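Participant: This is what each chain is made of:
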Amino acid sequence: MTVTEDEPGRKDGDGTNGTPGPGDPYVPSARRIERERHRRARARRATLIAALSTLVTGAALYLVVVNAPGWPRTKETFLDAHYAREAFPKVLEGLWLNVRLLLVCGAAVLVLGMLIAVARTLRGPAFFPLRVLAAAYTDFFRGLPLIIILMIVVLGVPALRLQGVTVDPVLLGGTALTLTYSAYVAEVFRAGIESVHPSQRAAARSLGLTGRQALRYVVLPQAVRRQVPPLLNDLVSLQKDTGLVSIGGAVDAVRAADIIVGRSLNYTPYIVAGLVFVALTIPMTRFTDWVTARMDRRRAQGGAL
Amino acid sequence: MSDVPVLRMESVRKTFGGAVVLRDVGLEVAPHTVTALIGASGSGKSTLLRCANLLEEIDDGAIWLDGEEITDPRADQDAVRRRIGVVFQAYNLFPHMTVVENITLAPRRVHGVPRAEAEERARELLERLGLAARAGEYPDRLSGGQQQRVAIARALAVRPRLLLLDEITAALDPELVGEVLTVVRALKDEGMTMVLATHEMGFAREIADQVCFLDAGVVLERGTAEQVFGDPRQDRTRRFLRRVTGAPRLGRA
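Sequences listed follow chains A and Y, in order. Numbering of the first sequence is given in the working numbering, commencing with residue 1 and proceeding in unit increments. Numbering of the second sequence is given in the working numbering, commencing with residue 1 and proceeding in unit increments.
If you are wondering where the hints come from, they were derived from the structure by calculation, not from laboratory data. Remember, predicted model here, so these are calculated numbers, not experimental data. Note that the Cβ used here is the ideal one computed from N, Cα and C, for glycine as well. Misleading hints may appear alongside valid ones.
[Unchecked claim] DEER-style ranges, computed between Cβ atoms:
hint, chain 1, residue 1, chain 2, residue 2, range
1, Y, Glu57, A, Phe127, 40 to 50 Å
2, Y, Asp78, A, Gly23, 19 to 29 Å
3, Y, Gly18, A, Ala136, 50 to 60 Å
4, Y, Asp140, A, Arg286, 25 to 35 Å
5, Y, Gly18, A, Ser199, 43 to 53 Å
6, Y, Pro114, A, Arg298, 29 to 39 Å
7, A, Gly274, Y, Pro114, 37 to 47 Å
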């Protein structure tokens, strides 16, 4: 067989187009220079307007809040520097529990979610009960409010007084979180699996791969890659919901704040705990945005997805 | 011919919902021959190929591969597919794998060929198809013609008994069609048994030992390329050929 060899880089889009080589005598025209000057001036004006508008909005909000009739009282109860200083180290200590819960539950949720999603896509009569069970699971746990699951698991399980079953509110709370989030994540995975075009599976099967091999080597890798942004989004959500294990008495960041509030009747520790959670989720959210943008960019460039 | 046909179809019927796509199809493909399926869009060419590879289950009739009935529900479908290579109109390369990974997937996972050996065979194939420099690239970085040649290499990597080509140039820019057809010509010279559904009448005439005209779910006319194109017996065949050859596509020489 003889086919002429393609020279590499023959196709467009390999980044060499439009960049002048060393021998290119191009000098920007007066027209281009004028256009760029105009664009710069427009950008400067836009920045100025944005800064001014932000300043005005901020000042207006500040004046409205400060001039509210209950402001001095509210300031005392919610924004007391003394209590903030007292609460901060305790809240941080509690936050360590939230972080550990996030790591362990996050891993468990990914595994369980994937198993449920795959169970829902299995074909064949032998898998019928598994399919039904997986569907029922997602319907049930997505519908049930998280707070109710938490109460049932954290308060209900110890009430059974079963031998050998833990009564630790952290373990039980983590279990409740995992149960709920697995249902969400399973749906994310399932959407990913279904978004892979059937022709991909057909191509895999035509090569002699079994249904299971086609799923493992062809469908799932593409499904997971596509679903990274929504998965990270759920992880951010899980991160903040770890604060709910405090209802069982586990001393996390929220519960640490709660203890001081109970003693002092000042709500500042809640604000501190809230800010600490926000500080924790912001890097995660930025990371999600970064991953999404990177994937979009690669797709736009025609790279591998 | 005394040889057992590589592929034989008898009274094959396939419907989708209420639509009868294949009414009563019979076909015989002798070893080392090329069969071209021609016919209007929707005449069932692609469906016929998908049925032959068991990607679609037929309603009635039977299909044999090397004299063994593959439409028997007790037949091992995966084992049948292992012996048939398919190249699709839309290439269907795996976008998350490099060219080499696309080609070595089946040899490694299905046939248990060690990685180094599978990769060597892949590079050999790529070399022959003029794509050696592209081995590490992802499919999206290749032109349509290059992708389709990779798809052919992927199908050949498992040394199939029979190659099914489903409109493999239909999605290509006219200037890229030639490079793919060159590959098919070379495969014929090597004695590969092929069935191809095609709209490229000139190519079908040149390469096919047998031409089948599909119309309304049956093989209305079958014969050598010379006979079907030069002196069609059926009125409908004549009209079809006049329609497709009388109005050449713009931009095609």
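Participant: Does each hint fit the structure? Answer for all of them.
Facilitator: Each hint tested on the structure:
1. About 19 Å separates the C-beta atoms of Y:Glu57 and A:Phe127, a value inconsistent with the hinted range of 40 to 50 Å.
2. The given range of 19 to 29 Å is broken by Y:Asp78 and A:Gly23, whose C-beta atoms sit roughly 57 Å from each other.
3. Between Y:Gly18 and A:Ala136 the CB atoms are about 34 Å apart, so this pair departs from the stated range of 50 to 60 Å.
4. The beta-carbon spacing between Y:Asp140 and A:Arg286, approximately 28 Å, falls within the hinted interval of 25 to 35 Å.
5. A C-beta distance of roughly 24 Å is found between Y:Gly18 and A:Ser199, which places it outside the suggested range of 43 to 53 Å.
6. Roughly 32 Å separates the CB atoms of Y:Pro114 and A:Arg298, a value that falls within the hinted 29 to 39 Å.
7. As the Cβ distance of A:Gly274 to Y:Pro114 is approximately 57 Å, the hint placing it in 37 to 47 Å is violated.
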